[in-house]
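Quick mapping for you: the protein sequence lines, in order, are chains A and B.
Sequential numbering of the first sequence, starting at 8, is according to our numbering.
Sequential numbering of the second sequence, starting at 167, is according to our numbering.
Hints listed in this document are in silico derivations from the structure and should not be mistaken for laboratory results.
The C-beta atom is built at its ideal place from N, Cα and C for all residues, glycine as well.
Be careful, since some hints might not be right.
No more than 30 Å apart at the CA atoms, straight line, and that leaves these computed lysine-lysine pairs for DSBU-like [said to hold, decoys possible]: (1) A:Lys253 / A:Lys152; (2) B:Lys317 / A:Lys263; (3) B:Lys317 / A:Lys253.
Some chain B residues judged to face chain A by a derived CB distance under 10 Å, without partners named [claimed, not checked]: (4) Lys203; (5) Tyr207; (6) Gly209; (7) Gln214; (8) Leu238; (9) Ser266; (10) His299.
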Amino acid sequence: MGSGMVENAAGRSVPRTVNGLDQVPYKGVGEHVPETAKHAPRIRSCRDYPASGDKRVANLATALEKCGLSDGMVISTHHHFRNGDQVALMALEAAAGLGAKDLMWFPSASFPCHEPVIDLMDRGVVHHIEGSMNGPLGRHCSEGKMRGLGVLRSHGGRWQAIQDGEVKIDIAVIAAPTADPFGNCDGSHGPSACGSLGFALADSVHAERVIVVTDNLVPFPCIPWQIQGNNVDYVVEVESVGDPSKIVSGTTQITKSPDRLLTAEYVARFIRDTGIMKDGFSFQAGAGGIALAFVQHLKEMMKAAGVKARFVRGGSTQYLVDLLKDELTDYILDGQTFDLAGVESIASDPRHVATSPFTSYNYHGKGNFASLVDATVLGATEVDVNFNANVVTHSDGVLLHGIGGWQNCLFAGCTILAIPSFRDRIPIIVDEVATVTGPSELIDVIVTERGVAINPRREDLLERVVGSDLPVRTIEEIKVEVEGIVGGPPQKAVLTDEPVAVVKWVDGTVLDTVWKVAD
Amino acid sequence: MTVRGEAGRVGEDVRSDLYVLVTINKTGGRKVDVSSKVGAYYGESIDQVTARVLDAFGVEHAQVELDDKGALPFVIAARIETALRRAGVENKSDARPERSVGLTAATERERLRRSRLYLPGNQPKLFINAGLHHPDAVILDLEDSVHADEKDAARIIVRNALRCVDFHDAERMVRINQLPLGLEDLDVVVPESPHLILIPKTEHADQVRRVRERVLEIQEQAGIDRPVWLMPIIESALGVEHAFEIATAVDAVVALTIGLEDYTADIGVVKTPEGRESLHARLRVVNAAKAAGIQAIDSVYGDVGDVEGLRVWAANSRSMGFEGMGCIHPRQIEPIHQAFAPSQPELEKALKVVAAFEDAEAKGLGVVSLGTKMIDAPVVKRALRLVDQAKRAGLIPENGGSDG
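Whole structure, please, built from the sequences with the hints as guidance.
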């Protein structure tokens, strides 16, 4: 372990400083007590903003200039347009055009469409990225080509970092499907409608300067105002903010893979047989193949049992919207909206509610509703025999996925990871995960096509499945069976001792390190 | 002079499989060039498997190129072996991979055969988890789902799968090709003790006898003494006419089934979802099977997306006397099991009849009665059969249920 490294409570070696800032190593779930006040931007006054409410300027470059863009600043953007986003690149290119250098790009998540940021890093415009890095950006970071360390945070952790002042955003650029000249923004209407704008809310409140970019300007007032213009400095109108076909899908397809469908069926049966499924319960479901399919099974079980949920947490899709329409849930609490049915529902049905990471995920608040969810169904790239899980790297240690809301969701009453037992010969259950993203004490159940493994800590769940015909097995049993199929345990990944990124826990402490891969 | 052989699959959509190109040289030793998406995890294992197969074939000088998409060891071994055979190389020692799953016990004649899941013989990725879906049987298919140019490859893949894939509680069936090619298939698969051989396009009892003789010859040579059951498939008008002779051709025939795609083509009609055009043929097959004292098994339902249509078809099948049908997708298994299960009222009535029968037997009475009603012998027979099936299907405990 290098002198700059320290072992944390999860037994992982983590850097003492990251990008020049001192860090707190992970201490355990609920062990870290924050002792400072929230970060706030400078107080602004109405005297500096037009009484007409018209904050429009000609283009992004002008807005950035007026915001006082300078070298080394933190520029934030958001991923509610997912792989159809054009605004992040537009903003960074405009900054490049103004000669800015060494910026820190602080996206709420990045997508393959953001690959050109690699070029901006090569040109010195962007110094490093703090945010999820998928695909090409992940590989770039893993190969040690970024000047600073990557910092991976959950959606709730990003709110916490902004609120606590760990990341001081100089300029937030918010892409809006609909906005008015005052800066009020709405995500549920307009040609690029995406549903909720919750990911941008923290930035709008805490950033020094806020720019709104829209391709659908409406006269004041833009209703609903998910982002309040009172926090906005400038409004820029552009031709297009994104590619709607990549923002939401027309329809969301349920997996056809028989193994995934089987896994989904086990998940639904587990929720039913343990008694979690009862009147007034709640669950979370994402848009992944297994997550969508388990909802279909659970729906039939809820109908058969005459059970209605109080709320469902999504990742909303047509399948959750159907639950609402069929009176199988009172509310959808929506974090992001994945298909057209979801967008239409959030725009028209008051029971379909847009949420932000503040209400759903922020650990440094007076509670958040993630812990009120009875069951959450998530994925993972790897799980170890002690139930620690990884979502950011694959077992070869290469950074490939963001954390999203995954860490935050672990606080649900029952956290279920629904995963294949192996992918392309590579076992998913291992002795030690490459990167700890979620600690074992919060991960309750692993469901695979080969059976259901319950964390021995959850004696209550183990008791509740007695008598169920679910294939309940130990995690070791499944691991041994899989290794028998794939030809033994995999070779150890070859990594260097050079950190390229860190994984933050929900309280801002450093949970693990992502290492540079060997050439 | 160099000789080349290639095997396996290339392309974007290939998963759990690989492509192999072998060039046999006179000199230069072995050069193995592996490109694998799982190379970081299993590169050493791939090298070992490759070396083992080359050893078995006594190949000293060769260039081997592997483009692997996460294939399991039994698949890698099969593809390399196929490439070598295609290059004209014969094995010097046993080239088969070591058994990684134990040989499951022989199955009973009257085993429950409600569902049998077809697995195309040259698509190993579909084998790996097939058993998890709990079909009563899997069929490793060497016939219609395998392209004529890939028959040799499928045979080796299927052979290796019988040694290395755990199909859990499923009966392991192999559908061979039409004779005479099917007899060569037997040479490769029978030493691995599949539970049952499906004989396609059966039209004469003689075909069944030829298969039986070959199976026995191979077993004798290999020193194997356990039953390999036979299930002839009737797929033509002539086959229907000879159904009873086929069913009774040899004692190893445990079931008779029908293939409706080929049958409807043979009589020159279109196969419909209602199946009216094949009613006669299906009833003939049922009758021949029952006359022979064996199981009657229906064809497949082709529309995987239409679960309701499948339920209707299967319920209809059961009412005609069939005891099971084929599946072309794992999601068809559960609806088929449900359709072929006796209904609760049916089962309750049967249990009462069986209880009355046992009571009468115990008391040494010649007449079985339930309340004031006398029960005829055929009713007792049907009830006994139904209760037996229900026990096999796990609907009632093996040792209980007869007290009504």
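Structure versus earlier hints - violations, ascending order: As far as the earlier hints go, only 3 is violated by this structure.
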